[in-house]
Amino acid sequence: MKPPILEMRSITKEFPGVIALDDVNLTVKTGDIHAICGENGAGKSTLMKVLSGVYPHGSYDGDIVFEDQVVEFKDIRQSEAAGIVIIHQELALIPELSIAENIFLGNENAAGGIISWDRTNRQAIDLLARVGLAENPLTPVKHLGVGKQQLVEIAKALSKDVKLLILDEPTAALNDDDSQHLLGLLKGLQAKGITSIMISHKLNEIEQIADEITILRDGRTIETLAVAEDKVDQDRIIRGMVGRDLEHRFPEHEPEIGDVLLEVRNWTVMHPLDGSRAVIKDANLAVHRGEIVGIAGLMGAGRTELARSIFGRSYGSRIDGQLILDGKELHLKSVHAAIDAGIAYLTEDRKALGLNLLDDIKRSVTSAGIDKLRKGMTVDQREEVVVAERYRSSMNIKTPSVNEGVAKLSGGNQQKVVLSKWMYTDPQVLILDEPTRGIDVGAKYEIYGVIQRLAKQGRGIIVISSELPELLGLCDRIYTLAEGRITGELDRAQADQETLMRHMTTTHGQEVGR
Amino acid sequence: MSTASTMKGLLRGNVRQYGMVIALVTIVVLFQIWTDGVLLKPLNVTNLLTQNAAILILAIGMVMVIIARHIDLSVGSVAAFVGAVAAIMMTKWDMPWPIAVILCLLLGAAIGAWHGFWVAYVGIPAFIVTLASMLLFRGLTLVVLDGATVGNLPGGFESMGNGFLPEVGPDTGLANLTLVIAFLLAAFLVFLEFRKRSSALRYNFEVLPLPLFYAKLIVIVAAIFGFSYVLAQYRGLPVVGLILFVLIGIYSFVMERTVVGRHIYAIGGNVDAATMSGVRTRRVDFLVMTNMGLLAALAGMVTAARLTAANPKAGTNFELDAIAAAFIGGAAVTGGVGTVVGAIIGGFVMGVLNNGMSLRGISIDWQQVVKGLVLLAAVAFDVWNKKRTSVGGGAGSEDASATAPPPDDLVEEIQQAEVPGTEEVRT
Numbered sequence: 058m059k060p061p062i063l064e065m066r067s068i069t070k071e072f073p074g075v076i077a078l079d080d081v082n083l084t085v086k087t088g089d090i091h092a093i094c095g096e097n098g099a100g101k102s103t104l105m106k107v108l109s110g111v112y113p114h115g116s117y118d119g120d121i122v123f124e125d126q127v128v129e130f131k132d133i134r135q136s137e138a139a140g141i142v143i144i145h146q147e148l149a150l151i152p153e154l155s156i157a158e159n160i161f162l163g164n165e166n167a168a169g170g171i172i173s174w175d176r177t178n179r180q181a182i183d184l185l186a187r188v189g190l191a192e193n194p195l196t197p198v199k200h201l202g203v204g205k206q207q208l209v210e211i212a213k214a215l216s217k218d219v220k221l222l223i224l225d226e227p228t229a230a231l232n233d234d235d236s237q238h239l240l241g242l243l244k245g246l247q248a249k250g251i252t253s254i255m256i257s258h259k260l261n262e263i264e265q266i267a268d269e270i271t272i273l274r275d276g277r278t279i280e281t282l283a284v285a286e287d288k289v290d291q292d293r294i295i296r297g298m299v300g301r302d303l304e305h306r307f308p309e310h311e312p313e314i315g316d317v318l319l320e321v322r323n324w325t326v327m328h329p330l331d332g333s334r335a336v337i338k339d340a341n342l343a344v345h346r347g348e349i350v351g352i353a354g355l356m357g358a359g360r361t362e363l364a365r366s367i368f369g370r371s372y373g374s375r376i377d378g379q380l381i382l383d384g385k386e387l388h389l390k391s392v393h394a395a396i397d398a399g400i401a402y403l404t405e406d407r408k409a410l411g412l413n414l415l416d417d418i419k420r421s422v423t424s425a426g427i428d429k430l431r432k433g434m435t436v437d438q439r440e441e442v443v444v445a446e447r448y449r450s451s452m453n454i455k456t457p458s459v460n461e462g463v464a465k466l467s468g469g470n471q472q473k474v475v476l477s478k479w480m481y482t483d484p485q486v487l488i489l490d491e492p493t494r495g496i497d498v499g500a501k502y503e504i505y506g507v508i509q510r511l512a513k514q515g516r517g518i519i520v521i522s523s524e525l526p527e528l529l530g531l532c533d534r535i536y537t538l539a540e541g542r543i544t545g546e547l548d549r550a551q552a553d554q555e556t557l558m559r560h561m562t563t564t565h566g567q568e569v570g571r
Numbered sequence: 080m081s082t083a084s085t086m087k088g089l090l091r092g093n094v095r096q097y098g099m100v101i102a103l104v105t106i107v108v109l110f111q112i113w114t115d116g117v118l119l120k121p122l123n124v125t126n127l128l129t130q131n132a133a134i135l136i137l138a139i140g141m142v143m144v145i146i147a148r149h150i151d152l153s154v155g156s157v158a159a160f161v162g163a164v165a166a167i168m169m170t171k172w173d174m175p176w177p178i179a180v181i182l183c184l185l186l187g188a189a190i191g192a193w194h195g196f197w198v199a200y201v202g203i204p205a206f207i208v209t210l211a212s213m214l215l216f217r218g219l220t221l222v223v224l225d226g227a228t229v230g231n232l233p234g235g236f237e238s239m240g241n242g243f244l245p246e247v248g249p250d251t252g253l254a255n256l257t258l259v260i261a262f263l264l265a266a267f268l269v270f271l272e273f274r275k276r277s278s279a280l281r282y283n284f285e286v287l288p289l290p291l292f293y294a295k296l297i298v299i300v301a302a303i304f305g306f307s308y309v310l311a312q313y314r315g316l317p318v319v320g321l322i323l324f325v326l327i328g329i330y331s332f333v334m335e336r337t338v339v340g341r342h343i344y345a346i347g348g349n350v351d352a353a354t355m356s357g358v359r360t361r362r363v364d365f366l367v368m369t370n371m372g373l374l375a376a377l378a379g380m381v382t383a384a385r386l387t388a389a390n391p392k393a394g395t396n397f398e399l400d401a402i403a404a405a406f407i408g409g410a411a412v413t414g415g416v417g418t419v420v421g422a423i424i425g426g427f428v429m430g431v432l433n434n435g436m437s438l439r440g441i442s443i444d445w446q447q448v449v450k451g452l453v454l455l456a457a458v459a460f461d462v463w464n465k466k467r468t469s470v471g472g473g474a475g476s477e478d479a480s481a482t483a484p485p486p487d488d489l490v491e492e493i494q495q496a497e498v499p500g501t502e503e504v505r506t
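Respectively, the protein sequence lines represent chains Y and P.
So in this note's numbering, spot 329 of the first sequence is number 386, and the numbers just go up one at a time.
So in this note's numbering, spot 305 of the second sequence is number 384, and the numbers just go up one at a time.
Some clues are possibly wrong.
[To be verified] A few chain Y residues that face chain P, going by a derived Cβ cut-off under 7 Å, partial list only: (1) 201; (2) 203; (3) 393; (4) 424; (5) 425; (6) 441; (7) 447; (8) 458; (9) 460.
Because the hints were derived from the structure by calculation, they are not lab data.
The C-beta atom is built at its ideal place from N, Cα and C for all residues, glycine as well.
In isolation and in its complexed conformation, chain Y is listed as follows (with noise of 0.2 Å):
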């Protein structure tokens, strides 16, 4: 029995309003590789964060035994001071400067503020050496790619004398050979005795270099696996993460379908920046007059980039494939254009890309839709109130007026402006992306009511989601979305939990039977 580097005892972790961790427990034996496994929201980032000191001792309860001593970190220094290091999925390098720079941010090899070159860049090649990377260390990073940027965070890492590493999802971006030669090195780290948390949505990687597996599943512990001895299996992990009643409540629907109303044909995206990385790769989907659609994917699967690159090209470089609306086929340019086609796409973040703070109720409901008020260069601001008070009491958006600012409603009345400001452009479809993120039960309810009268009216939905049960209570067929790759398509009948997660995990392009 392998002593434990790592006891996170009863960590629990409120923000206002939501419990993101609730009497947590996590224990990762020394030289282990320990990874984490839920859903998008379990609070696997939240735990890492705590660990690492990010938010700092006192902002938590519980306790953090780290080598045999109760630690508490008051920021980042602290814990990599202890040894403790972490790898953000967004990498933390800086582009114009070169690896050993890189490496040793922060940390610089440095005598009264002069900083010895010839030190460090001795240092940064023995360090590339051991991840196994061939570069000169005076090389700028922005010339690496995506997996030798990763290994230039893990010789960082390494710099730091580490002994717990923790990388939040250190594969997401790497393609297969890159991802292969990151967890080989993982592996070799681990037989020179560092030990590895790692936070990964790809259950095979998991189930190729873990020892032991600890499920999160709405910000509590679920269970810890040991990987040889349970025979753990991605069904068996699956289970772990989903397995809970629908909780929510949704409201009855007899589904009306037609004919077929938008149809995307052999549609394929390249990153905007990265003309050669395939970001939706050969994706054909359809929506049926009066159905709901669900699209299920991880983080990073291209939900998001899918739905904007079909909504006027707002995402996205070279973007080939066929959109067929209403037996035409469009060729959308701008979002205006889309809008005009009778398109409409409900941002994920609604504060950042769905409302302008600034503005107030009534004008943020007609800002899609604002070409109907025109009469000749103005905008006509009676009918504007008008537009605006029936939606206020159909959506039943609660506020004394539609003249207050829209910064001061709460996230569910929020979302309702924006829900109407699209309803006002009378689309064919409607493409919700997370329409119920971060906001309270009831106020979802309301909204699921309103996505049904929608489809009733023989307008097809795509709705996005990360929560299953959403998809699962709301859609009629649900695809799933892997690595940009449509690899499933379920009608509500078949749908389960388990089966959505299976295909979403599904990597590599193998198809899953139907």
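Fit chain P to the given chain Y structure using the hints.
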């Protein structure tokens, strides 16, 4: 008691709006006392208007540029360049002055479009683009004028800068036309205020309590009559004043009532949200920069007309005064906030400070110091005020039960409005 508390609440909500006016009035009163009444003498008030007209014209365009989250550093140089070209056209090429004016306005718009092209379609920050133009057009001004001042401009052109409205009617010792215009303007503004109030009431929006509303009307009317009476005692409203007030009217209307104005505020408030709502953001950026060029051209010609000559140093620091006017007038550095009238008031604050300190014999160096501090104080006040009012008033603090009924005489219209998505569906 309750009136007092409403007053307090209203003042708190509109500190910025009223603050500017109060600051301007305070400065005017202070300098009126310090200069032993010279500040508000008819001649001086007329000067105040003609001397600052160019800056105020620029401030109108600048506040729009700033609302759209850009900046234009080139307006001084562009004004000088266009003024120089106008002078050459009229004196060397013997072009009739109205044609020269029109061509030069087009030239200004073209320069603005040049900026707009780089800012909107190439994506270079306006700061850089217009910094380049600041150098470029200052240099071209020297080239066009050959480093010398060009005078002998046609009289018609010069009246744009220092002419007055013609005398009409009986000899009253006052400029009659000016008083007539003032009366019409006051009546029009009062009419607008009443209309705004009645529609706000119809929509159940919050309005000023009636006594305050009348007080506001009286202040507006008194200000207009006072101002015009003083002007009328000298030679009446300067032509440039008429140009300025017409511009204020047009651009306020554009910003408040038109779709374009709506879009300018939208891209300044959140450019990403505007893009995702179908606003053609590049076109709006382009338009705003082009318009600034147009107004810079007008300001340049007004300046040349007032000085009766185009000179290579004209327009120096105009951009800074115009930017300061916009910020003192309540525009936000991050965009999305500001008004044309605010920028004009901000411009007058700067103008009165200049004029008043000059009358007091305070030297240019100390004038600069004071103006710098005033700009900083105005923006600091803005930031402080925003922080103060946001405490306890942020997101989610709404009172969920505070749902007022819809406006009474709109109820039927609202119920019958055919608005997509709200149709009842058969079940």
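Is the hint on residue 424(Y) kept, meaning its closest Cβ partner in chain P is under 7 Å away? holds (5 Å)
Interface hint compliance - residue 425(Y) to chain P, C-beta minimum distance less than 7 Å: holds (4 Å)
Regarding the hint that residue 393(Y) lies at the interface with chain P, is the smallest CB-CB distance below 7 Å? holds (4 Å)
Quick check on the hint: residue 447(Y) CB to chain P CB, less than 7 Å? holds (5 Å)
Can we keep the residue 460(Y) interface hint, with Cβ of chain P closer than 7 Å? With a minimum Cβ separation of about 5 Å from chain P (threshold 7 Å), the hint on residue 460(Y) holds.
Hold the hint about residue 201(Y) up to the distance rule: shortest CB distance to chain P must be less than 7 Å. Violated - the Cβ of residue 201(Y) stays beyond 7 Å from chain P, reaching only about 26 Å at its closest.
When the nearest CB of chain P is found for residue 203(Y), is that gap smaller than 7 Å? Residue 203(Y) check fails; min Cβ-Cβ to chain P is 25 Å, beyond 7 Å.
Holds or violated: is the Cβ of residue 441(Y) closer than 7 Å to a Cβ in chain P? This hint is violated: residue 441(Y) lies away from chain P, its Cβ roughly 10 Å from the closest one there, beyond 7 Å.
Using Cβ atoms only, decide whether residue 458(Y) comes closer than 7 Å to chain P, and label the hint accordingly. OK, holds: residue 458(Y) within 7 Å of chain P, min 6 Å.
Checked against the numbered hints above, the structure breaks hints 1, 2 and 6 and satisfies the rest.
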